[in-house]
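Chains A, B and C supply the protein sequences, listed in that same order.
The opening residue of the first sequence carries number 1 in this note's numbering; numbering runs sequentially from there.
The opening residue of the second sequence carries number 1 in this note's numbering; numbering runs sequentially from there.
The opening residue of the third sequence carries number 1 in this note's numbering; numbering runs sequentially from there.
List time: in silico PhoX-like cross-link candidates among lysine-lysine, alpha-carbon distance up to 20 Å:
(1) C:K17 x C:K53
(2) B:K156 x C:K203
(3) B:K156 x C:K136
(4) C:K203 x C:K136
(5) C:K203 x C:K185
(6) C:K185 x C:K136
Don't read these hints as lab results, they were simulated from the structure.
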Amino acid sequence: MNGPNSSFFLRHEFLIRRLHSLSGLIPVGAYMVVHLLVNSTLINGAGAFQTNVHKIHALGKFLLPVEWAFIFLPIIFHAVVGVWIIRSGQSNHSQYRFTANWRYTLQRWTGVIAIVFIFTHVFHLHGWFHAQWWLENVAQPLGMAQFRPYNAASTLAQGMQNYGWPPFYLVGILACVYHFANGLWTMGITWGLWVSPAGQRRATLACAVVGLLLFGVGLTALVATQVTDPEEARGVEDRMYESEDGDR
Amino acid sequence: MADNQRVVIIGGGLAGLSATMKLCELGIPVDLISLTQVKRSHSVCAQGGINSCNEQTRQLGDSEWKHFDDTVYGGDFLQQQPPVKEMAYWAPKVIDLMDRLGVTFNRTFEGYLDRRRFGGTLYKRTAFAGATTGQQLLYALDEQVRRWETQGMVRKFEFWDFLGPVLDEEGRCVGAVAQDLVTMEIHAFPAAATIVASGGCGLIFGKSTMSVFCNGSAVSRCFQVGAKYGNPEFIQVHPTAIPGSDKLRLMSESARGEGGRVWVPRTPQDPRPPKQIPESERYYFLEERYPQYGNLVPRDIATREIFNICVNEGLSVEKGRMAVYLDLTHIPREELDRKLGGILEIYEKFQGVDPREQPMKIFPAVHYSMGGLWVDFAKSSDGGLQAGDPANQRTNIEGLYAIGECDYQYHGANRLGANSLLSCIFSGLFVGPCIQTYIKQSGGAAVTRTPSTLFDAAVSAQQKRHEDLLNCRGGENPYLLHQELGDVMTRAATVVRHNDQLDSAYAKVEELQQRAARASISDTGSWTNQNVVFTKALQDMFPVAKAILRGARLRDECRGAHYKPEFAMPSLTETDPEARRREAEQWCDRFEENNRRYLKSTIARWNGTDPDISYEDVDTSLIPPRPRLYGLVGAEIIEQVWRERQAKRKEQVATAGQ
Amino acid sequence: MSAPTPANPSSPAHPTKVNVRVLRQDGPGQPAYWERHQVDYEENMNVISVLQKIAAQAQTVDGKKVAPVAWECGCLEEVCGSCTMVINGRVRQSCSALVDSLLAENATEIELRPMEKYPVIRDLVVDRSRLFHALKRLQAWVPVDTYGHLGPGPRINRPQQEEMYPLSKCMSCGCCMDACPQYQKIELQRRPGESDEQYQRRKEAAYEQGFVGAAPISQVVLFNSHPTGKSIADGRLDALTETGGIQVCGNAQNCVAVCPKDIPLTKSIARAGRAATLHSIKRFLEK
Ligand SMILES: Cc1cc2nc3c(=O)[nH]c(=O)nc-3n(C[C@H](O)[C@H](O)[C@H](O)COP(=O)(O)OP(=O)(O)OC[C@H]3O[C@@H](n4cnc5c(N)ncnc54)[C@H](O)[C@@H]3O)c2cc1C
Ligand code: HEM
Ligand code: HEM
Ligand code: SF4
Ligand code: F3S
Ligand code: FES
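Next up, chain A with everything else stripped away, as it sits in the complex (with noise of 0.2 Å):
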């Protein structure tokens, strides 16, 4: 915890972990939310889905800017701090037994899933860099970067089709999910929104339906995924950009 970089962060300390917190939220938390209903539209078939990515698309060339500032950036500044954070404590939840020790020790090793978890689930589905030259020589070859938005479910389906991916997406929700609903509920201890033992204890109750309802809404989004037939999905996207087509 020492050298230049820490003392930065020692300083301003309190700011960085109040951003931290805010961010975990907004937006990442609330990008999380959305994109899980999102994705969980797929169930509703193919159709559905691609009206629905087409929506978040129609920014166009906008849409570079919004995703790194609202996205990328968020979500790096907040793993970067959350690593951070995590090296400055140490679990101890074997020694002292409590609930709440457990869900601080678990907040910090879902932290560390969701590290892996988005960063290789961004790289299979999207990318990470949209540059020609990337896709071509580092991303495709590896069976990466298998999202293509104007055929949302079909490549969707089509790069869930491998047998790891399920129950490594199934873990990455998880840990997500519960790293999302446990830091709900911190962060209202943090920012003093519950503030007596039993206020905590009702808002506990209330962060476990919200993760509860939210992983009911990312199961079914990768339950979709294996359902929905990649063939069939193509099909059905193909007709709607011939519908549209004939709109023009």
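Given the coordinates of chain A, assemble chains B and C with the ligands onto it according to the supplied hints.
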């Protein structure tokens, strides 16, 4: 900063801390020496509260004077009255100050301080913060001292053992020598004035209600270099403590103040669970014998009654062990938790029984030492103290002061509950300006003009004692010797005293003292060596123990906590009014005769091997002594005779004056 | 007849001996080592009486002569905080740790270790000066004008008092910090030739970089809610938002679970957290 004004204070309990903060406010820097972090001083143990006359009691006829009177009467007239009067008149101000410092006193619904009743008075004078008043008071003072510490006015030397005062050729105290309990280094602390505020000496009795820091060593070290020790034999035994193997934990008087009732089954060792014993088969012996005060008779009386019920009447609630019931189970749980939470938790925690459901089992235990270093006072024209006079709180050694539990002047033969916290804070605050005057008068000469060789010599003398102890291989185990000392003292010099027992105890203590000189130290290390520190403290317990025993031996009377059945004043037995009147007259004659001989402060001086005892007059100029008649048969008539005599005496004085 | 039954202390199933394992260390920077002792069982024994017996015996279970174990104690009734140590893996007061209940946790032996987050001075004695330094940093006091007589303090109604009283019971024992995963040990070695003052200053500088801990945060809440104490509330919140301030808390809530005085620490943390955020926004806008 004017370093030649620096004051050394030994002890950071209520007394030491209040003196520290007051001196800092006066611009005088302080070195504060304590065996432990001052926040952990014994004062945290005080539970019940702190007394003062207040707006509510005033409306019922209370006044500072009555508080003064109760204190003196409760102490059986053995106090010097001017300091006690000053204290009683300061009491409301002391509580106001503590209130301003943020002490979380219990409140009435409207936001005023709540009060409870304590022993020895008929008024609800006692302010309290739950059942942890001492803790709250100490913390408030600790916080103020920490504030001064950040401003560089206080240097704390925590985990340091005071080894003795340094005296110059003229016998003035010019500082102190102390040892770092971590590094074992010994240093001198030159000081313009030195204040001892080292608390009580309960450890001399082995187990007591006090903290382990209360070993009396600091006082003994002053005593051994010539400081006078006043009223050593007056040791308060608290009526209600929880017997334990390492400590006798106090069950505060507030348990009775809030309505707790003391009883035993009328059938000895009734095997039924206490709650199943019907009211009619319970003996509420305090309520029956003292209808006016009930369970709140002064401590000495409650203690003797409980002792008597168990030892002489065989009514202890258990067979192998002595105890009586202290019953709170008739009070609603919620009220108990609000007012007594802290102490009830202690009982629950250490006995594993919920006192809200089951009566507690309690027995008396050594609790407070009324005696202590003799200190002077400067009387003012109105009978109180002359503020800022350097004589106040000064021992017979110039430049050496004593305050708090370790001085002798406020509680006489028996301390009233909730008066000690008051005397500690009061004496600490009051001594500040007195020291300031002393420093002004002496110009801080003690520090500037004392040759450093004097301090070096004092340090090397202590160094030698330390090393000699480390090298001693006499084979005696100091911990076992301490247990023996405690047993001897507890048997001979607590609730009931007999001259033959006191004599044999003295011989035994003498023997133990010699054995303690041959103690073997099992830890010869030079780092945080608690073994050698304990042994030193043990060796220094003997002079005080001897003073207690000898003081008790020579006082052939009953007064306050000192009780010799042989010399007890009898109840009246005659039934015929005239004969009874005559008997009362005789009683009063005997009482006056006794006062002429024994209404004196016992003064012990150490001659190198033993205490020499002498007596000094007590200033009773404000409230003339009167018999203390709690519960005596025939009290009314004795009181009447006494009042008539007093009136007559006043008349005589008046006519003589014309 | 195997395991002791603490529910019934008079039961004959009690052991006659109690095994004790103590983690000893001769001084700062020295290696720590385990030592086994055995003492006679007595009813109603606590860890203090076990340690007293060990001190009086001054030998291990194998009869090796050793120096008595060093430890701190004071009140023996859990109000002074002196005797805090890690007993059977949990930080607590040794005076209120009853042998019967410890044997119920682990029937074979009692394990004693020094507190984990404070530098060992010797054996079970640790240096907790950091804790008191935090109280200085946070100005945990009521700034009165004078100790002279100015009449009573501000009126405080009963509900307010009932909020404050529990917080004022903190005895600075350090349990809440010892069990906190966010509170890290800060241990410095004295450099050769360094004076007391220099060493002290270096230690304090190091303390200022570390987490203040739950108890001092709770003290801020206490003093910031006192009518007079409030007057320097901003200064306290400034300190609370500096390095090592309230932000370090990660809501593990061990603090409140181990606090022997049942102080509502997490409530204080939440209250202080809110106040600190509002305060720093205010500071930002006013600067
Ligand atoms: C269990 C209990 C409950 C009580 N309840 C009440 C109550 O409700 N109301 C009331 O009025 N009174 C009560 N009392 C009495 C009261 O608590 C004490 O008389 C009072 O606290 C003494 O304060 P003090 O400042 O004189 O000494 P202490 O608080 O004992 O402080 C002594 C200081 O001296 C230091 N010291 C001692 N020896 C040395 C040495 N050799 N070297 C360096 N430092 C040394 C110690 O470290 C400590 O800091 C109670 C007493 C007990 C035992
Ligand atoms: C079943 C679960 C999930 C599915 C099906 C899924 C699907 C996708 C798809 C298809 C993309 C590519 C979008 C694009 O390139 O435009 C994507 C990107 C991304 N996903 Fe997921 N995701 C899932 C869970 C998660 C979770 C739990 C997170 C955690 C926060 C997450 C975070 C991201 C991020 C940060 C991106 C990149 C952002 C972007 O491309 O705009 N995803 N996801
Ligand atoms: C990418 C890897 C991540 C890491 C390493 C990480 C790490 C952490 C850590 C260590 C904390 C605890 C902070 C504290 O206790 O002070 C935390 C809190 C939080 N995280 Fe993350 N996190 C990650 C991703 C995420 C994601 C994807 C989300 C949202 C979906 C998220 C939402 C939150 C929230 C809401 C909090 C609560 C903040 C608080 O307690 O004030 N985190 N994160
Ligand atoms: S808050 Fe509790 S655990 Fe922490 S120091 Fe205070 S009393 Fe000890
Ligand atoms: S245990 Fe530590 S992390 Fe916070 S909630 Fe308590 S201070
Ligand atoms: S000795 Fe005071 S808390 Fe244990």
